[in-house]
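A.B. asks: The residues making up each chain are set out below.
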Amino acid sequence: MPNNVSVAELKAKAKELRLNIVQTTFNATSGHVGGSMSSADMLIALYFKYLNVDPKNPDWDERDRFVMSKGHCALAYVPCLAMRGYLDLNEVMRNFNKTESAYGMHPDSKKIRGCDASTGSLGHGLPMAVGMALGLRLKKIDSKVVVMTGDGECQEGSNWEAAMSAAHFGLKNLIWIIDRNHFEIDGNTEDVMSLEPLDKKVEAFGFKVLKCNGNKMEEVDKTLAEAWATEGPVCIISDTVKGYGVKQYEGKATSHYCSFGAEESEVKKFIDEIKNREF
Amino acid sequence: MGTAWNVYDGNKMSSGAMYGRTLAELAAKDPRIVGVTADLAKSTNIGLLGEAFPDRLFNVGIAEQNLFGVAAGLAKVGFIPFASTFAIFACLRGGEQIRTDAAYQKLPVKVIATHGGVSFGAAGSTHHCIEDFAIMRAIPNMTVVIPADAYETAIAVKQCIDVPGPFYLRVGRGMEPLLHESEEDKWCKEFKIGKAMTLKEGNDVTIIACGVPTRDAYIAGDMLEEQGVSAQVINMHTLKPIDEEAIIEAAVKTRRIVTVEEHNVIGGLGDAVASVLAQSGKRCILTKIGIPDEFGPIGKPEDLYAKYKLSSQGIMETVMEIMGKEIEEDDWSDED
Ligand SMILES: Cc1ncc(C[n+]2csc(CCOP(=O)(O)OP(=O)(O)O)c2C)c(N)n1
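So the protein sequences, as listed, match chains A and B. Residue -17 is where the first sequence starts when you use our numbering, and the numbers rise one by one after that. Residue 1398 is where the second sequence starts when you use our numbering, and the numbers rise one by one after that.
Since the hints were derived computationally from the structure, they do not count as laboratory data. Treat the hints loosely; a few may be bogus.
Below, in silico cross-link-like pairs of lysine-lysine (BS3-like), each with a Cα-Cα straight-line distance of 30 Å or less [said to hold, decoys possible]:
#1 80(A) - 1439(B)
#2 93(A) - 1697(B)
#3 80(A) - 1704(B)
#4 -7(A) - 198(A)
#5 1439(B) - 234(A)
#6 1439(B) - 229(A)
Some chain A residues well away from chain B (every beta-carbon gap over 10 Å; in silico) [claimed, not checked]:
#7 -16
#8 -15
#9 5
#10 67
#11 75
#12 80
#13 109
#14 147
#15 149
#16 166
#17 190
#18 257
For glycine and all other residues, C-beta sits at the position ideal for the given N, C-alpha and C.
My request is simple: use the sequences and hints to build the entire structure.
C.D. replies: This is the structure in structure tokens:
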């Protein structure tokens, strides 16, 4: 059962997460800004409204599970976990990517409270989520398993093997979110290796497909509500803008991995931009 | 010896950039050369081939199994495909395709893997690759080369065209300092796949290194000299077929060997040397420097090198330890 949180509150949290992403990138000198910014709204809605989790009891067996399959966006995911109360946010932001830190470029479930799976190698999340959903069903636990992949990530064959099995096994509680930000490292997905018609492909594999503007909280909220109420497997194709929140990076392949200059003033510019923007 | 530099300010000289440039040059002369990558055209620098010959570079998207299957198919119809991704995704995700499609059929698929070892430090264990030497060595028909720097990379890429069958070459992230002055220095001129390169002669101990830490091994050799230890330093750039003669000669000459590799201590250079030694019957103390069979921490590559004693200081200290060890003063004369 989703928590009772307003869209306005979720929007404020998403703005805060974007600020944290930018500040953390500055502290770490570089980071996967593009895919982190594009997925920020969805992550916030999941963690602050939809996922039934308890930061005081991260291993609670009845909890909903979340797998951040696009693990390179730990830059959004781990600060989001911290904001939700699993971790000390300041510590995460200060130590991100530092030697011997628990908080690296990709999330490590052995080191990060609340992180359900270590990821970073693309194409692993959906298969693990299928396994989790199968196991929970066997244990008669009725919780959701949610997994977020990138769109470029969908080019990995393992996703399609997992998708086939999710439908075959009739996994009602599985929700696959594709962060459709249109870019991978080498360019636009349709130029590198076209995915379209993505909805029809996923549908043909046996998923109910929902679509939304993944950077509009009203739509994200509505679509997650529908996904929660739908018998799965469900796939949300979340149409987003890579780098969303900082104009200079938006919709560009170069936003995938950004190095921020050493000047505090540069990051200040981005922070002001996010603060002053209506999302 | 070459100087320290950084890919971000010395862009043109990274192993990756050198690879891409060399490949584009080769392709201009050899129409059999094509390239395949998996959304890492830029990161691995194979993209430089595509810039020169757009129709001869295939980007299959993020799909490493397909990458090596496609490469094998290209080889089947007469091309020499160079296939590039990060080392971990080559040897593990695409590993079976490399083995069964390329190696089993003895096809000339040239795997040029980047970001090997712990060179992608902060990316952590999903991206560190400390298993590839072991995996690639164990594949029949495979030749395995781990160049010490960008110059050796260029030379090996040129030479591998004439190596029959599949070929695996691993470099780091491309920010590594150079061992050599140029492709024309005295060592590079002698570079030959399968033949160990002696960087320094010595009588007390032999350091056998491969890949990025080879430069540190060489520096450690000088540091040891100052401490009164005469260290021989060998660059074992070819892991398979390994230069057995060089290893046995070193064992007989110095009786002490330290191996240095950016890889798990299981299954890599150290174990390859150990196997040659054990089978030779020559007595020798061996210490292996490498990653001690663990998923290590994240961190700056230089911090991780220091942690795992892959730095010149760490190598020097390890050698001093082995110098303190007693060698059973046996009668060695019955060996020959
Ligand atoms: C198996 C694997 N191959 C390659 C990579 C290197 N890599 C990291 S991110 C990325 C692009 C991901 O694109 P996408 O899934 O669209 O993510 P987003 O745009 O949301 O960042 C690639 C190829 C990887 N992490 N894992």
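A.B. asks: For every hint, state whether the structure bears it out.
C.D. replies: Against the structure, the hints:
In summary, the hint linking residue 80(A) to residue 1439(B) is supported, as the alpha carbons are separated by about 25 Å, within the 30 Å threshold. Under the criterion of a C-alpha separation no larger than 30 Å, the hint pairing residue 93(A) with residue 1697(B) is consistent with the structure, at around 18 Å. Distance restraint check for residue 80(A) and residue 1704(B): the Cα-Cα separation of roughly 14 Å lies within the 30 Å cut-off, and the hinted pair is therefore satisfied. A distance of roughly 9 Å separates the Cα atoms of residue -7(A) and residue 198(A); the hinted pair therefore holds under the 30 Å criterion.
Distance restraint check for residue 1439(B) and residue 234(A): the Cα-Cα separation of roughly 15 Å lies within the 30 Å cut-off, and the hinted pair is therefore satisfied. Of the supplied pair hints, the one linking residue 1439(B) and residue 229(A) holds, its CA atoms being roughly 24 Å apart against a limit of 30 Å. Against the 10 Å criterion, residue -16(A) stays outside the reach of chain B, whose nearest CB is about 31 Å from its own CB. The non-interface label for residue -15(A) is consistent with chain B: the shortest C-beta to C-beta separation is roughly 32 Å, beyond 10 Å.
Chain B leaves residue 5(A) outside its interface by the beta-carbon criterion, the shortest separation being 17 Å against a cut-off of 10 Å. At the 10 Å boundary, the C-beta of residue 67(A) stays outside the reach of chain B, the nearest C-beta of that chain being 24 Å off. With a cut of 10 Å on Cβ distances, residue 75(A) stays outside the contact zone with chain B, its closest approach being about 15 Å. Residue placement check: residue 80(A) does not keep its beta carbon more than 10 Å from all beta carbons of chain B (closest about 7 Å).
Even its closest Cβ contact with chain B, about 13 Å, leaves residue 109(A) beyond 10 Å, as expected for a residue assigned away from the interface. With a minimum CB-CB distance of about 17 Å to chain B, residue 147(A) clears the 10 Å threshold, and the non-interface call stands. Distance check for residue 149(A) against chain B: the nearest CB is about 21 Å away, which clears 10 Å, and the non-interface claim stands. Residue placement check: residue 166(A) does not keep its beta carbon more than 10 Å from all beta carbons of chain B (closest about 5 Å).
Residue placement check: residue 190(A) keeps its beta carbon more than 10 Å from all beta carbons of chain B (closest about 25 Å). Every CB of chain B lies more than 10 Å from the CB of residue 257(A), the least distance being 28 Å, so the non-interface label holds.
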